[in-house]
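Chains as they are written, first to last, in the numbering used here: chain A, 1 to 344; chain B, 345 to 688; chain C, 689 to 1032; chain D, 1033 to 1376.
Calculated directly from the structure, the hints in this document are not laboratory data.
Since we're looking at a predicted model, the values are computed, not measured.
A virtual CB, placed ideally from N, CA and C, is assigned to each residue, including glycine.
Take the hints with a grain of salt, since some may be wrong.
Result set (BS3-like, lysine-lysine): computed pairs, CA atoms no more than 27 Å apart in a straight line [claimed, not checked]:
1) Lys568/B to Lys937/C
2) Lys1073/D to Lys547/B
3) Lys1298/D to Lys1281/D
4) Lys729/C to Lys1298/D
5) Lys85/A to Lys169/A
6) Lys1256/D to Lys249/A
7) Lys185/A to Lys891/C
8) Lys593/B to Lys857/C
9) Lys169/A to Lys1073/D
10) Lys169/A to Lys1235/D
Covered stretches of chain C (in silico footprint by chain B; criterion: 3 or more residues with CB under 8 Å from a CB of chain B, positions within the stretch not fixed) [what the hints assert, rightly or not]:
11) 885 to 895
12) 923 to 933
13) 980 to 990
4 protein chains.
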Amino acid sequence: MIKVGIVGATGYAGAELVRLLTSHPQAEISAISSVSFQGQKLSEVYPAYLGINDMECETQEDVVEKSDVIFAALPHGLSQELAEKCISAGKAFIDLGADFRLESEDEYTEWYGGTFFDKNLHEQSVYGLPEFFRDNINGKKLIANPGCYTTCSPLAIAPAVKLGLVELKGIICDCKSGVTGAGRKPNQGSHFPELNEGFHAYKVASHRHTPEIEQTLSKLSGEKVTITFVPHLLPVNRGILATVYADIKQGVTFEEIRKAYEEFYKDEYFVRLLPNGMNADIHNVKYSNFCDISLHHDSRANKLIACAAIDNMVKGAAGQAIQNMNIIFGLDEKTGLEIMPPAF
Amino acid sequence: MIKVGIVGATGYAGAELVRLLTSHPQAEISAISSVSFQGQKLSEVYPAYLGINDMECETQEDVVEKSDVIFAALPHGLSQELAEKCISAGKAFIDLGADFRLESEDEYTEWYGGTFFDKNLHEQSVYGLPEFFRDNINGKKLIANPGCYTTCSPLAIAPAVKLGLVELKGIICDCKSGVTGAGRKPNQGSHFPELNEGFHAYKVASHRHTPEIEQTLSKLSGEKVTITFVPHLLPVNRGILATVYADIKQGVTFEEIRKAYEEFYKDEYFVRLLPNGMNADIHNVKYSNFCDISLHHDSRANKLIACAAIDNMVKGAAGQAIQNMNIIFGLDEKTGLEIMPPAF
Amino acid sequence: MIKVGIVGATGYAGAELVRLLTSHPQAEISAISSVSFQGQKLSEVYPAYLGINDMECETQEDVVEKSDVIFAALPHGLSQELAEKCISAGKAFIDLGADFRLESEDEYTEWYGGTFFDKNLHEQSVYGLPEFFRDNINGKKLIANPGCYTTCSPLAIAPAVKLGLVELKGIICDCKSGVTGAGRKPNQGSHFPELNEGFHAYKVASHRHTPEIEQTLSKLSGEKVTITFVPHLLPVNRGILATVYADIKQGVTFEEIRKAYEEFYKDEYFVRLLPNGMNADIHNVKYSNFCDISLHHDSRANKLIACAAIDNMVKGAAGQAIQNMNIIFGLDEKTGLEIMPPAF
Amino acid sequence: MIKVGIVGATGYAGAELVRLLTSHPQAEISAISSVSFQGQKLSEVYPAYLGINDMECETQEDVVEKSDVIFAALPHGLSQELAEKCISAGKAFIDLGADFRLESEDEYTEWYGGTFFDKNLHEQSVYGLPEFFRDNINGKKLIANPGCYTTCSPLAIAPAVKLGLVELKGIICDCKSGVTGAGRKPNQGSHFPELNEGFHAYKVASHRHTPEIEQTLSKLSGEKVTITFVPHLLPVNRGILATVYADIKQGVTFEEIRKAYEEFYKDEYFVRLLPNGMNADIHNVKYSNFCDISLHHDSRANKLIACAAIDNMVKGAAGQAIQNMNIIFGLDEKTGLEIMPPAF
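Put together the whole structure using the sequences plus the hints.
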């Protein structure tokens, strides 16, 4: 059994890690920590877990000591030092925060502020989006787990970008996210009466996930890609739908694109390429690690429109982190993640 | 592996059976049927299941033939004949409908219309609320699986009723249910714009679950109990909260009642008696087979107020049906049902 | 034009006062105040009001000086001193808080803590539930505007209580409220992901509205009434449904009760007694000052079950406050309040 | 008083017309009709209206006879014949359906099927989007009231298109609508449990509102415009948000665009151009005739991103229809429509 520690267990991503790991057949939670709730039981914070996980929140040090792999679900800027401790102690470290996601320190400084604490550490890290970078992840100990938008958007458009079927210029990611993506801390914007029955864009063309999506698409295409990214807030708990627009290259048919997607994703258990005529819906991936993709053709404007739906807390956070753990520990990638999304 | 067949698989209870049985370690779904969708795949009806369960809907006959146990999720009146076929063929039969729930044919006729198709069959059946009637269920082949309100309300008040701590006269069950309880068929009342942001009672003091709750409480107390039952419709997908009111008998203290509940439910995995100060919430049992109970004392009017929360589709339908299957097949009752409710 | 000032205009009740007064034909908002947002425009707090009400939040003193009548929507304990200033200055004062609602200082101390600042002031005040106490309100200058639960619950049961058709002992008010009743300040319980798809009781048999409901029912019946009151939190923005249970007195028929209600409410514009067979629904009173009441008979237990639905922010707060203003200024009670609830 | 008749009064648009006209100071509802509910009261269909509008549904003929202006809220294809009757009888006719919206019969045939019943009639009709075509509407008797998406999307981008500040090629309208847009008739997609907590695109690049948006943008720009239009379904009752993307022309600055919008909309009461930094939100326009617009600049890709929010049933249907009525009857355009959107 892999001994798993969770730092930041009382945030939403941490709590979701606990839920998923509880039914993982080859991992056991060895310790959890929380700055805000140290000394309290997780089930006091989340009564849903009562009797199933009544572990007490310990310190980060306890977690590191008791675990083979540490998942960190922390605000950005707080993971780098912890990562160094874990790696030095020979542990694996999977960061659900943003500290190791961007390879360029300049971009990190531009979008997040701050600098790289230890450049060497950053060179050891790998970006953990298995469907694209599985081979690099294998054998690593320091994983930068992607964000939610940055998982969903590239999955929607990757085959077309990688295979040169669409123009790289002018790609638009119009994304809509459930509110758990904004975290557990109450604020005016997520106060029930003000979010309920509402809908709006936010951080238009200025969200921090922009350079991360571009980094992935640039790697896949081999060229520097600039995108337009607009997130919106949905009055639902879970789920992201990315509607991605790209101009189809002259001479390429929609049928060729469809075929390319089928080939690209044919061995990917977690990607469900929907039959033509269906629409990806966040309703159908809730609580699971699936990414549903539907492809559409605007034949009048000759655009590819690809919709991808994930559960932002699973494939967009905790589930993907466990998928990465499975890879680096040599397990079947699906272990503990073959979860059937409920029908309603 | 137990071979399980599901008749009425495309309704909500049927679809939930499929979800839960898919991860059951000692059962496999052998066949499913649906009158409305015969010949179609379940995943065409519920795209959430795509790639996980793409079974085709066959006929009832196919299901009976291929299965050791048949779950029937049918409108009332349609199970009796099917039950006879199954029992004759030596199969187990678990009815999620109402046909075998009431022991009195007169009551059945009064509340549902129609008569008992085969009295002998009814005598072989047992009412499957394991927390109360486990010993009777063991060894049976024909199970009347309780309804949702009729699971939640008795669980809330049973210890007090059974042990004579409250007056049997004047018990009120004020219940609130999510809308999946009304089934998959669209109608005006469950049309999104008319239910959303709404709340109302329905079938006030005239709902068919009334005699079933009374039958259970009468069995537990040994006296004929008449209750007041008022259901309400919540604008949420899943969950029932029962708020049950009873007059505390003179000389009995709230602390004695609390202790009695603790003793009564101390070995019940699926019942979580919450610490004083907490309130049972449907949020905390979603997608799981748990029943959360909180006890409250109105010391001014000397009433016991017991709140019980379940997921109406799990402990209130499909989960409890599987719990019954586990019992009659000699498995640990929890098999396949140790599901952690998500924190959000 | 009546010059109206609002103290605490940026809370939900204050904001609703602004909305309703904006279309009041004989009142104009002279000034608004807010401790948290002083110097800011109301439309910065509520962008829905942009261009319609861009008034700046001033001080309490400004409000008092510029107004004929002051509405105070303040946390309890903060109104008494302000009331005294207003009354001394010859202004009318309508308190949407709890400071003047209870006539008994002992009860106030027991349920709220603190004491009556000025007993004389309390004697000048009147409890503003017009359907019952209209004659007392007329001519007064200091109005204690009822709370939301304390409007809805008595309206449901008043005729039966006043006319002695039900037992006064054992009345139960099982109430369900939308979340705006908890105010504008974000907290964990009203954080969208934790309230959405949830439902639970709170402050069971210990909510501060209990003595206020009892005071009203005691006045109506002429006897001291003790009730059981259990509030629940609905995942909707607006609305309260009160389901009230009472034992019908021997010899009284349900038809007599129905007739009594019809007679009692026949001239009340804001009370809509629904035809038999309909269920009061919060959906149908949203944004309006109506109270819909449906009557039901549990003939098996011989109980009256009365459901009443209001918009907690209108008839349960701001609308009723304006209704009171209309009375004390000699206007038609309906002025500015003939709002058609939207169909969806 | 203008005598107003409503054909199709029991659909959502019809019911919203009733709500808005009830408080219109210079109009009175003379008659209503409904094929499905003929002979029944409107308040039986919508109990929210009980006591306020208990009119009985009559025949179309009755409506035409009793009215100066007829609003028709009918499925497409059913308005043309009725329009002819009304116009022949000297009545004004405002069609909330699609029959008169497209000027090109070929486009009508392509997107809707069927042909123009009477070409002459079509030539008398005018497209009623007052902010753009007010001068044409004045004096007309036959108004094609725009659809919801087709109001919101052009309002978002019109100034930039009309003044040549953005490229006409490649405009994308990514729209999200509340579910009332799909009408009152229950179906699987709007069944509460399947829509709630879900989100998906539909009719991607194939929705019938596409040519209507293009027609408006072509008129404004003087060139044939082709757009990409993708609608999505939001789990809320009311509201549309259009997120519109366009490439800024070389040499044009975002500040110039901002100024152009300010100038373009400076006299438009119903358009609220939000200050920079704010995001248009459907929450803030609910139940009102406002269109909130926020402008954003993607400086990295040099795109204009304009968000526009309306209430799909008011500015997107019934409210705009009344705005058109006001124009053709020579009233102030705002009459009866100065509705403050509620803060929550």
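Do the hints match the structure? See the list:
1. Distance check on the hinted pair: Lys568/B and Lys937/C sit about 23 Å apart at the alpha-carbon level, within 27 Å; holds.
2. Taking the CA atoms of Lys1073/D and Lys547/B, the gap is about 23 Å. The hint holds against a cut of 27 Å.
3. As the CA atoms of Lys1298/D and Lys1281/D are separated by approximately 23 Å, the hinted pair is consistent with the 27 Å bound.
4. Proximity of Lys729/C to Lys1298/D is assessed by CA-CA distance (about 21 Å); at most 27 Å being required, the pair is judged to hold.
5. Pair hint Lys85/A plus Lys169/A does not hold up; C-alpha atoms about 41 Å apart against a cutoff of 27 Å.
6. Our distance criterion of 27 Å between C-alpha atoms is met by Lys1256/D and Lys249/A, whose separation comes to about 23 Å.
7. For a cut-off of 27 Å, the pair hint linking Lys185/A to Lys891/C stands: about 23 Å separates their Cα positions.
8. Note on Lys593/B and Lys857/C: the hinted pairing holds, with a Cα-Cα distance of about 16 Å set against a maximum of 27 Å.
9. For a cut-off of 27 Å, the pair hint linking Lys169/A to Lys1073/D is broken: about 58 Å separates their Cα positions.
10. Proposed proximity of Lys169/A and Lys1235/D is supported: the alpha carbons are some 26 Å apart, at most 27 Å.
11. Here the region 885 to 895 of chain C counts 8 residues with a CB under 8 Å from a CB of chain B, which clears the bar of 3, and the coverage holds.
12. Coverage of a stretch by a chain is defined here by at least three residues with a beta carbon nearer than 8 Å to that chain's beta carbons; for the region 923 to 933 of chain C and chain B the count is 8, and the condition holds.
13. Coverage of a stretch by a chain is defined here by at least three residues with a beta carbon nearer than 8 Å to that chain's beta carbons; for the region 980 to 990 of chain C and chain B the count is 7, and the condition holds.
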